[in-house]
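J.: Residue-level listing of the chains:
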Amino acid sequence: MGPIIPNGLIPIEWDSIIAIFIGICFGFVLESSGFSSSRKLAGVFYGYDFAVLKVFFTAAVVSVIGIYYMDYLGYLDIRQLYVHPTFLWGAIIGGVIMGVGFVAGGFCPGTSLCAVAIGKLDAWVYVLGIMVGVLLFSEFFTFIEPIYDGYFLGNITLMDSFDWNPYWVIFIFSIIAVVAFALADVVRKRVKKVFY
Amino acid sequence: MMVKKKLARFLSFRYVLLALILLILAGGLVMLPKVEKQEGIHAEQLLNKAISTERYVSTDELSDKIISQDPSFILVDVRDPQSFNEYSLPNAVNIPLRNLLDEEYEAYINQTQYDVIFYSNDNFYADQAWVLGNRLGYQNLRVLKGGINEWYNSIINPTVPNEQLAAEDFELYSTRKAASMFFGVMYPEQNRVEEPVIEKPAARKVVPVKKKKKRPVEGGC
Chain A
62 MGPIIPNGLI PIEWDSIIAI FIGICFGFVL ESSGFSSSRK LAGVFYGYDF AVLKVFFTAA
122 VVSVIGIYYM DYLGYLDIRQ LYVHPTFLWG AIIGGVIMGV GFVAGGFCPG TSLCAVAIGK
182 LDAWVYVLGI MVGVLLFSEF FTFIEPIYDG YFLGNITLMD SFDWNPYWVI FIFSIIAVVA
242 FALADVVRKR VKKVFY
Chain B
2 MMVKKKLARF LSFRYVLLAL ILLILAGGLV MLPKVEKQEG IHAEQLLNKA ISTERYVSTD
62 ELSDKIISQD PSFILVDVRD PQSFNEYSLP NAVNIPLRNL LDEEYEAYIN QTQYDVIFYS
122 NDNFYADQAW VLGNRLGYQN LRVLKGGINE WYNSIINPTV PNEQLAAEDF ELYSTRKAAS
182 MFFGVMYPEQ NRVEEPVIEK PAARKVVPVK KKKKRPVEGG C
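Chains A and B, in that order, give the protein sequences.
According to our numbering, the residues represented by the first sequence are 62 to 257, in order.
According to our numbering, the residues represented by the second sequence are 2 to 222, in order.
Here chain B stands alone, though its shape is the one from the complex (with noise of 0.2 angstroms):
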């Protein structure tokens, strides 16, 4: 029985313990610790995307994207403006390094419509680009493996394979043979001029006609 009365008691308060456990939870919340929360993506996530194949896009594959038209990248050039104005690749954008989390940048790298494919001379500035996005969680980034210099010693000016390398070698180098005279290699054969094939006038034949002989007059009605 006094078991029975104190738990009557003790639950006669029930609301009022229950309304102070909430408070002390709430409370508890502003009195945490503040913790500074890690923005963007997490560490394994930026790993995984590191060290995954789908980083990098090479030489081949972009002259490809770019000779069959391929709307789906963005281009952009990391280098300083000054480089970018000598040499830089077809309908590239160019972002400096230092600029690229700009505001006026931000479209061309925050979206998710387009892949976006940074470059540099190497690959080397063009990487601190891709971790930079990746960082605040931007989606569909990629570097062009070699950058430039890549891209001018495998498409521009592609090595020619010799006689003891296998018949795929040959046939990339005249792939890459194509693409180049697509962004404006010319090679001599290119430049050989055909001797022309002159036709000589046959000789003249003479046909003699031969006159027909008149006849005599003979007679007449």
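Chain A with its partners taken away, still in its complex shape (with noise of 0.2 angstroms):
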């Protein structure tokens, strides 16, 4: 049955007009949940606030078991889920860059967008800085191309790469989840408080 735009359920011209609602949803959420706060954010780095890590968490968690229940009892199939290509160093240094500049600026792309929209001056220079960022990626694009286009390694998931059992994945990863969460507690009330 599912996914519902492949198969057709709805037409593929609403594909947009969706993707601007969830967005428009999300950026809502972000903001009204404290995360357009690059206080909120880097909370995680230094250890008094793990709001991020357990709400992206939870969400993996949760939409990775449902869809595994909607593929068991048929309601989507999941081989014709889209599947992000990987290009290996492209996506290692690219982490990098992205997780350096998450701890320094307090920002990840889509809540500094949120802080944009809320006034935050530090978002303002970050979504500059974002730009900059662009334009000499663009300028040195020849030189970066062969890591750019290099080292693909095609849609592969972990399952398919190390032939893993799905559900095993899924039960195991809820579990370091749950500990996660523990250990985040638990950080917590041993690191000084911050009020912001």
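FYI, nobody ran anything at the bench for these hints, they're computed from the structure.
Heads up, some of the hints might be wrong.
Here are the computed lysine-lysine pairs in the DSS-like style, where the Cα-Cα straight-line distance is at most 30 angstroms [stated by the list, open to error]: (1) B:Lys-5 / A:Lys-250; (2) A:Lys-115 / B:Lys-211; (3) A:Lys-181 / A:Lys-250; (4) A:Lys-250 / B:Lys-7; (5) B:Lys-6 / A:Lys-115; (6) A:Lys-115 / A:Lys-254; (7) B:Lys-6 / A:Lys-250.
Reassemble the complex: the two chains are provided individually, in unrelated frames, and hints are given to aid placement.
T.: Written as structure tokens, this is what we have:
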């Protein structure tokens, strides 16, 4: 039956409209749960606020469990879902840059736009930095291109490359999530409270 | 007051409860009895394709495609190599039915750029190849209706319509005849040599040339 758009239950022309709607909802939730504050986001790295970790870990676990139940019951064909292609070194280097930017600036690209919307000055600087980064990337693209296009591994998943059983992976992943939540709470109680 | 206190005590465990629900659901996935999932196409889709008119290509359509040098299709002969060597269609690829799913031939049939037209002597084995390919989700597979036999009967050796038949039949016949000429069939009327008209050289006309009489020299200066 599903996914809905590739199987024609919703015409493909709607996907941008649905994307805009989901994007607005996402932005609203980010802002209303305080994610447009760089202090809250940076809190993960300093140990006084683990909301980001909890939110994104919970989202991943809930959706993966839901998707696999729907697949099992035949509401969704998991093989039709989009798997983002892996460019190994591009992903590693990009991840490092993104991580450094996350710690240093206290935003990820999505939350920075939320913060711009509510008028935070640091977010303006952050988005300006993104633009400069985009410019540098485009200008030096010929040098970066071998990494950008190279080390292509295809649309792989952990289950494909290591031949793991997805159900066990999900189960272990959920245990890791719960343990991480508990640990995060322990750490948060030990660290001095920061008010922001 | 008592209810509120109980509720508060209950709610103080809410994160533990939520975590437990998560773990139970995830564990449930592991515990679920394994179901063999059907690979490839769904039964309804296969049925839809099987009864669709798109499935067959007639010999007339095929000859038209070949003659107009349509680049959009691949001909696949699913008979054994011996029959293939004896006679086959122009530019066909020989993939015997039992080797159909071999890795070396996969590039021919598992692609989306070209239509693949299967044929055998009749469409019987070609249909089997069609079903096998479609079960694996391959795209744009077609079958030559009637196979080589129909090809022979309609294109190579078309039956001459008798006088009672409609004008379309005669048109069809002449199209097929022209197609067969394209594929190398000779017809007696093609061979007939028209008698050359030999122009006889016209009899020579004798034009008498009158000789001018010599005038007598008349005086002079």
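J.: Hint by hint, note whether the structure agrees.
T.: Results of checking the hints against the structure:
Straight-line distance between C-alpha atoms of Lys-5 (chain B) and Lys-250 (chain A) comes to about 27 angstroms, which keeps the hinted pair within the 30 angstroms bound. Annotation: proposed proximity of Lys-115 (chain A) to Lys-211 (chain B) is violated, straight-line Cα distance about 130 angstroms (limit 30 angstroms). Among the hinted pairs, Lys-181 (chain A) with Lys-250 (chain A) is consistent with the structure: their alpha-carbon atoms are about 29 angstroms apart, no more than 30 angstroms. Of the supplied pair hints, the one linking Lys-250 (chain A) and Lys-7 (chain B) holds, its CA atoms being roughly 26 angstroms apart against a limit of 30 angstroms.
In summary, the hint linking Lys-6 (chain B) to Lys-115 (chain A) is supported, as the alpha carbons are separated by about 28 angstroms, within the 30 angstroms threshold. Our distance criterion of 30 angstroms between C-alpha atoms is met by Lys-115 (chain A) and Lys-254 (chain A), whose separation comes to about 18 angstroms. Under the criterion of a C-alpha separation no larger than 30 angstroms, the hint pairing Lys-6 (chain B) with Lys-250 (chain A) is consistent with the structure, at around 25 angstroms.
Of the hints listed earlier, the one the structure fails to meet is number 2.
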